[in-house]
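Participant: Sequence:
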Amino acid sequence: FLCVLSLCCSLKTAKVSYPYVMREKTNHVKQVESTVVNAAIERVWGKISKLAFDDLFPKRITSVKKLNETPNMVGSVFQINYVDGSIRKNKVTVFDVTNDFRFLQWTLVWINKEIDYENFYTTITLTPITETKQTLVTWVTEYDPKKNGDAQVEVQETKLDSLKSLREYFNN
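Residue numbering for the sequence shown follows the working numbering, beginning at 76 and increasing consecutively.
Keep in mind that the hints were calculated from the coordinates and are not lab data. Please note that the accuracy of each hint is not assured.
[Unchecked claim] Straight-line Cα separation of at most 27 Å, DSSO-like style, residue types lysine-lysine; simulated pairs: (1) Lys125 <-> Lys222; (2) Lys164 <-> Lys140; (3) Lys221 <-> Lys122; (4) Lys134 <-> Lys166; (5) Lys208 <-> Lys125; (6) Lys208 <-> Lys222; (7) Lys122 <-> Lys222; (8) Lys208 <-> Lys164; (9) Lys239 <-> Lys125; (10) Lys166 <-> Lys208; (11) Lys134 <-> Lys105; (12) Lys164 <-> Lys134; (13) Lys141 <-> Lys164; (14) Lys141 <-> Lys222; (15) Lys141 <-> Lys208; (16) Lys221 <-> Lys208; (17) Lys125 <-> Lys188; (18) Lys208 <-> Lys140; (19) Lys125 <-> Lys105; (20) Lys208 <-> Lys239; (21) Lys222 <-> Lys234; (22) Lys208 <-> Lys188.
All chains should be built: construct the whole structure from the sequences, respecting the hints.
Facilitator: Following this line, the structure appears as structure tokens:
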């Protein structure tokens, strides 16, 4: 059972719709990791919003393909091809720009291998650090692990590796 409510919150003068996901399952996991990237928010968003994950994470991702005519919009679907041969299709559920923040959220809709979780959502939030012209990147994953799975460690390690790759990319 998955119910998505749209909550509005005021950020300065802009209104932002941000999904609040409620699940009945008690084993729901929400993992939050973050890092500071040595680049202005516009530069980081330029890559994230274009789904340029093959540029940002070349050790893991070989290519990203947009599967419909309106890429980077809510409802659009994109495919990520990984170095290990796995393929994931994802649907964009939030694509939002406010004066200060950038949000991109997607849900996994198909994968070509067995995984240890379901109802998988990823949210990347970018926040400017105005003093230093850097960007705070917050990466949230939410999912329901299947029984006897070791998804939590795998998902966290992958996310931490991705954040490290982001720092390396923008420090060059």
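Participant: Each of the hints needs a verdict: does it hold here or not?
Facilitator: Hints, one by one, checked against the model:
1. Lys125 <-> Lys222: Outside the cut-off at roughly 35 Å; violated.
2. Lys164 <-> Lys140: holds (9 Å)
3. Lys221 <-> Lys122: violated (32 Å)
4. Lys134 <-> Lys166: Given that 27 Å is the threshold and the Cα spacing comes to 23 Å, the pair holds.
5. Lys208 <-> Lys125: holds (21 Å)
6. Lys208 <-> Lys222: violated (44 Å)
7. Lys122 <-> Lys222: violated (36 Å)
8. Lys208 <-> Lys164: Violated, at about 34 Å.
9. Lys239 <-> Lys125: Judged against 27 Å, a Cα distance of about 19 Å means the pair holds.
10. Lys166 <-> Lys208: Measuring from Cα to Cα gives roughly 31 Å; hence the hint is violated.
11. Lys134 <-> Lys105: Distance of about 25 Å is within 27 Å: holds.
12. Lys164 <-> Lys134: Answer holds: lysine 164 to lysine 134 is near 19 Å, not above 27 Å.
13. Lys141 <-> Lys164: holds (10 Å)
14. Lys141 <-> Lys222: violated (32 Å)
15. Lys141 <-> Lys208: violated (31 Å)
16. Lys221 <-> Lys208: Cα-Cα ~41 Å, so violated.
17. Lys125 <-> Lys188: Between lysine 125 and lysine 188 the Cα gap is close to 26 Å, so the pair holds against 27 Å.
18. Lys208 <-> Lys140: Distance ~31 Å between lysine 208 and lysine 140 Cα, so the pair is violated.
19. Lys125 <-> Lys105: Holds - the C-alpha atoms of lysine 105 and lysine 125 are around 25 Å apart, at most 27 Å.
20. Lys208 <-> Lys239: Given pair lysine 208, lysine 239 holds - Cα atoms ~19 Å apart, limit 27 Å.
21. Lys222 <-> Lys234: Measuring from Cα to Cα gives roughly 22 Å; hence the hint holds.
22. Lys208 <-> Lys188: violated (41 Å)
Of the hints listed earlier, those the structure fails to meet are numbers 1, 3, 6, 7, 8, 10, 14, 15, 16, 18, 22, in rising order.
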